[in-house]
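Following the hints, position chains H and F against chain X.
Okay, here's what each chain looks like letter by letter:
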Amino acid sequence: MAVLTTGRRRPAGGSSLARRQAVAAWVLAAPFLVLFLTFTLGPVLASLGMSFTDMQSTDVRSPLAVEFVGFEQYADLLSNELFRQVAWNTAWYVLLGVPLTMAMGLAAAVALNSITRLRGFFRTGYYLPLVTSIVAVAVVWRFLLRDDGVLNTLLGYVGIGGWDWLNETSTALPSLVVMAAWRNFGALTVIFLAGLQTVPAAVKEAAEVDGAGRWRQFRHVTLPLLRPTLLFAAVITGIGYLQFFEEAYVMTQGGPLDTTRSVTYLTYDQFSFGNYGYASAMSYLLFLAVVALTAVQFRALRPKD
Amino acid sequence: MTRARYVRPVTAMLTCAALVLVGCGRDEEDDAPAAESEEVGSGPATGTIDVWAMGTEGELLGDFAKAFEQANPDADVNVTAVPWDSAHDKIINAITAGSTPDVSLIGTTWMGEFAESEGLEPTPEGLVDEQSFFPGAWDSTVVDDVSYGVPWYVETRVLYYRTDFAEQAGWSEPPRTWDELHQFATDLQGAGAEQGLYLQPGQTGSWQTFMPFAWQNGAALTNEEGTEYTLDSPEMAEALEYYKTYFTEGISQDALLVEGELEQGFADGKFGSFISGPWHVALVDEAGGPEFADKYDVTPLPGKDEAPGTSFIGGGNLGVFTDADNRDGAWKFVQWLSQPETQTDWYTTMGDLPAVRASWDSGELASDPRLSVFGEQLDNANSPPAVPTWEQVAAVIDADVEKAVKDAVSVEDAVADMQSQASSIGTGLE
Amino acid sequence: MSAVRMAEVAQPVDDVSSASGGGRESTRHTTPRWLYVVLTLGLVVVLGPFVWMALSSVKPEAEVREVPPTWLPRDVTWDNYDTLFTDLNMPTFFFNSVVVATAVALGNVVFGAMLGYALAKLRFRGRRVLFGLVLVTLMVPGVATFIPQFVLVTNLGLANTLPGMILPYLVQPFGVFLMRQYMLSLPDDLIDAARVDGAGELRIFASVMLPLCGPAMATVGILTFLASWNNFLWPLVIAQSDDKWTLPVALALYSTGEHSTDYGLLLAGSVVVVLPVILVFLVLQRYFVQGIAMTGIK
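Chains as they are written, first to last, in the working numbering: chain X, 28 to 332; chain H, -5 to 424; chain F, 14 to 311.
Bear in mind the hints are in silico, worked out from the structure with no lab data behind them. Accuracy of the hints is not assured; some may be wrong.
[As the list claims (entries may be wrong)] Which residues of chain X face chain H? A few of them, derived with a C-beta cut under 7 angstroms, are:
id : residue
1  : N194
2  : Q280
3  : L284
4  : F300
5  : G301
[Stated by the list, open to error] Every beta carbon over 12 angstroms from chain F, so not counted as near; a handful from chain H, in silico:
id : residue
6  : D158
7  : S227
8  : L359
For glycine and all other residues, C-beta sits at the position ideal for the given N, C-alpha and C.
If we strip away everything but chain X, and leave its shape as in the complex, we get (with noise of 0.2 angstroms):
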């Protein structure tokens, strides 16, 4: 730190404030580009090129002894019968998870914002099923899901039959994505808590001496001054749940019948068979899907000036 505060003098003679600022730019942006064209740039490019060969792991010592084939592996894909079983199950993942995780993780924070002593007691508190190895998770969630679980219990006292939930084909995937919302809804209460304290105490009260009440304060006033928290928090999560993965391969192995098989477990799959040029091929798939989702969000939470 000490390093940069010192300052630029202003150049005798008057350059304009936009030069500074790209300098400036530059310098600050110097260890994310350094650490991008070693690491990064050159992984990508080499992994789609990879995609458009068919390269097997069993080709790794004469990498150029490959067949180029073009676009044609991502055209097998699109019509792949289990390619596109596992897609639409990714994209029903993400659709019900992402807004479920948001919704809690918002309320969570916009009540720990609220509240005066133990704040920081539950924000640990929420935060530590992202911390608990998921070998925990999955016996506890199995315990609940099961079919002489406690939900199928309580259920039972309200009179609705239960369901085997985890082996079911209809119930599968939603449960994996509630069990996903309450894993991951922490990370978002940690990131909308900051992102709340960026609206400023004089804008609320201002809202408060209009006679809004807090309801209407909250939705015409704090919530359009989170958008780009709340965008930073839809794209990241939408691009995390795109990739599930994790809870699938311990809860249910991406069954029954592939129901909970994403197309990052497909993936995987297909790399630990050796198939990396069609693997990497279903990544750039994904990567089109991130970019189309991301897109989708950028827009519709655009920050209005």
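Relative to chain X, chains H and F alone:
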């Protein structure tokens, strides 16, 4: 203006890419990996020998190798333990980057891939006697007619059953044929078990439980030369039909079990019997407690018309990498580990079943009744084809077994799908 | 409100408004009791697995594997922790994990703030491209680049080194993106004022903006620390010898077998692995909370 600025760098990149691509392409000629390995020199091993081993084998091998170091004073064995979870990925990545150790423990189903990637050296002539190993174990090292390693330890699947339920149901001897097994499982349910026989209903690894039935019925996975898959045989369909009847009749449940549930269920009487490998003996004993030991037993798998039926053989092989720094030392270490006395000692230390038959002729392996069941089964066990694409085809089989068992598709369609997918995947051997 | 709390520099916005003297605020802002109740119930739901994990780490293996699972241990055994600290080379693994995770967290906080500021508050040509680059990096699935990255790092001679584990993760687009969004919400007038005062751009960044970014920096810090701390696959392939394992790798190594898992050991290890993260989280608590009105620039 901004547009124009991008044109030149982009053109340059595209040109480079094009040049590279022109240089790519597979040779029509067979670019087969080397089929012969130099002989290993005589005399004691020298130098550092870097070894990777997974799990508990990795933890115990370091100390165990001290005996080797004593016999070869100039040699130093350096064992690194690697987690089982991602050992396959770690090894293939090491082969890619050229950063492999000298020797590694290698899962039997990985041999094809590693050999084809030219990461493994063929086993030198005369290093070991092929006949000294269980045939299924040796087969798992042979890729495209060349052996690329040496079997270290083996495992096979047998039938575990509740002797108390069996007696109650009137069975003084375990079942020996398919029909008897079916009746046996039904009777166990009558005697109090919820499920007569636990069979894995598809999903990861279920092929290891299902395949034996196919083999028992005479199905072959590939043709003689090993160049094509032959999965859609009538024998395979029959075997899958038989497998499915257990589910349709309620003898087996179609829910996946979590780890720990099987042995506990067995001890609690939920499952009357199940098929698994030697590691389950310890798990069952732990779940059931000391009084449980006489309430269960193991027996070789029933065959279609007579016992023992063919089972699945797995285990671990030892392979030396082409990038090894100390190739001679590595092979000598491997040779030492495959000697009958070393194999017996390793069994005593670790509990892994020896791959060398001679070790089964004496000691606990010969006298313990449960262990001799495994010994008997090992003589009747097949390994899947040692081809690079096996894991992928196995996953297809798993998925189709699940669909057949859960009645999502008919047995004929399931088997047909197995074959069509396997054909398009190919064996992976060039 | 106690005097101590009012005196703290970093204060929740609520406190700020009541400190600046509005009696009417304090009646408005007494927190309804039901909110605490709801939050506590939420906490119970959320903590279940964590509590189970801790309780089960002292159970014998057979009890851990019981289905349905038990809560309070029937027998308490410290064997798992014993094994962890005697058989395993804990100090080394711990050290490796700490070094790697701390370096990654610091790198992301500092460099992320730097670039985030440039993207949020500075006007310069290429800003959109740069942001696009950050987003693209964020969006490329990690699984795609894993293998080429491994080959690259090995060829750079960084295999089996701690820097090899740290460098690819030192500046992640996640942190940059978060800092940018956060800073977008902060008003420009402080910056403009500082410029009028003649401060250089970099000094403005360090002295004006950064102090306002406590919550965001703490957030980036804890989340990147956590991700690095729990990272399994990368350290697994990079490390070639036992002295370079990090905690998750070591834990997987000793508890997962070919055919069965030592759950007791795994859970005990998970508890140990979790503690430093919670510690970091607690330490960073006070940075999560900040009111811009109270940080006096003038």
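These are the hints, each one checked on the structure:
The interface hint given for N194 (chain X) is met, as the beta carbon of that residue sits about 5 angstroms from the closest beta carbon of chain H, less than 7 angstroms. Checking Q280 (chain X) against chain H by beta carbon gives a least distance of about 5 angstroms; that is within 7 angstroms, so the hint holds. The interface hint given for L284 (chain X) is met, as the beta carbon of that residue sits about 6 angstroms from the closest beta carbon of chain H, less than 7 angstroms. Here the hint on F300 (chain X) is kept, as its CB sits about 4 angstroms from the closest CB of chain H, short of 7 angstroms.
Taking 7 angstroms as the C-beta contact cut-off toward chain H, the hint placing G301 (chain X) at the interface holds, the least distance being around 6 angstroms. With a minimum CB-CB distance of about 20 angstroms to chain F, D158 (chain H) clears the 12 angstroms threshold, and the non-interface call stands. With a closest Cβ-Cβ approach of about 30 angstroms to chain F, S227 (chain H) is found to remain outside the 12 angstroms limit, as its non-interface label requires. In this structure L359 (chain H) is separated from chain F by more than 12 angstroms, as the shortest Cβ-Cβ distance comes to about 20 angstroms.
Comparing the model with each earlier hint shows no violations; every hint is respected.
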